[in-house]
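**Student:** Construct the entire structure; sequences and hints are all you get.
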Amino acid sequence: MLVLTRRVGESIHIGDDIKVVIISTHGQSVKVGVVAPRNVAVHREEIYQKIVEENHRAAGSISDESVKKLQSLGGVIDGKD
Amino acid sequence: MIRQKEEAEKTKEKKILETRLGNVEYDDNDIVSFPEGLYGYEEYKRYIIFQHKDYVPFSWLLSLDPPGLMFPIIQPKIVVPDYNPKINGNSKFGDVMMVIVTIGDKEGRVTLNLRAPILIDSKTREARQIILTDSTYPLRYEIKQ
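Protein chains in written order, with the numbering used here: chain A, 2 to 82; chain B, 8 to 152.
Hints may contain errors.
Pair by pair, the computed Cβ-Cβ distance ranges are [stated by the list, open to error]: (1) A/H57 / B/V103: 18 to 28 Å; (2) A/I13 / B/I23: 47 to 57 Å; (3) A/Y49 / B/D128: 15 to 25 Å; (4) B/E32 / A/V4: 53 to 63 Å; (5) A/H27 / B/R132: 41 to 51 Å; (6) B/E149 / A/D17: 38 to 48 Å; (7) A/G28 / B/R27: 20 to 30 Å; (8) B/I38 / A/H27: 42 to 52 Å; (9) A/E46 / B/G75: 34 to 44 Å.
As a list, the in silico DSS-like pairs of lysine-lysine whose alpha-carbon atoms are at most 27 Å apart [as the list claims (entries may be wrong)]: (10) A/K51 / B/K52; (11) B/K93 / A/K69; (12) B/K60 / B/K19; (13) A/K70 / B/K60; (14) A/K20 / A/K51; (15) A/K70 / B/K93; (16) A/K51 / B/K93; (17) A/K69 / B/K151; (18) B/K84 / A/K51.
Stretch by stretch, here's where chain A covers chain B in the computed footprint (C-beta under 8 Å, at least three residues) [claimed, not checked]: (19) 30-37; (20) 40-54; (21) 68-78; (22) 102-110.
In short, the hints are calculated from the structure, not lab data. Predicted, not measured: the structure shown is a model, and the values here were computed from it. Virtual Cβ for every residue (Gly too), placed ideally from N, Cα, C.
**Tutor:** Below, the structure written as structure tokens:
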């Protein structure tokens with residue numbers, strides 16, 4: 002891992018079009034700004050991992066039995082309208 | 008001109024995808040592409056959206072390459088009428104919104120991932136899954152039975 006020391010207000014460039022700015026610090030917290038092109042998704046690591054896990058759960062939850070469950074649920078949802 | 012016509016016809020050629028739900032017929036015009044894939048499935052980029060009368064109002068996102076991977080999906084407003092997430096400028100995209108459904112954990116709950124909806128541009132048939140910055144909407148919204 003590349004480790005760099007930066008002061009508040011200073012920044013880091015990654016490639017041609019990504020910039021990370023250190024905005025402020027408060028105790029153990031660091032506020033960071035990210036400037037990136039539209040096709041680059043920027044997320045906190047924890048939420049990114051959660052979404053990956055949830056997608057795996059969704060794909061992994063498919064079985065002949067679980068699919069039937071969805072079939073019966075269709076009626077319940079329709080009934081709400 | 009003739010060649011173009013041939014190519015256009017070629018795309019209408021019906022193909023069959025074998026799935027757990029049976030054989031699904033599709034042609035190239037039905038393909039929805041996810042240039043970035045889904046989170047955790049970045050390498051799967053081509054899907055079809057399949058509706059089957061037995062599962063209405065749910066639909067299915069069926070992977071074409073490779074086949075076998077599938078997700079139940081639904082338009083979130085059918086379950087949560089006031090679902091109206093703020094999508095920041097960088098992610099603004101598409102005119103159709105769907106969310107992924109997770110069926111039955113041990114307690115048999117069925118949940119919707121309202122935190123990471125799928126946005127689809129129905130004209131270009133391009134889609135992407137986005138992660139909402141705003142944490143108002145949960146990863147697992149339970150459908151009450």
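**Student:** For a quick check of understanding: which of the numbered hints are violated here, in increasing order?
**Tutor:** 7, 9, 11, 15, 19
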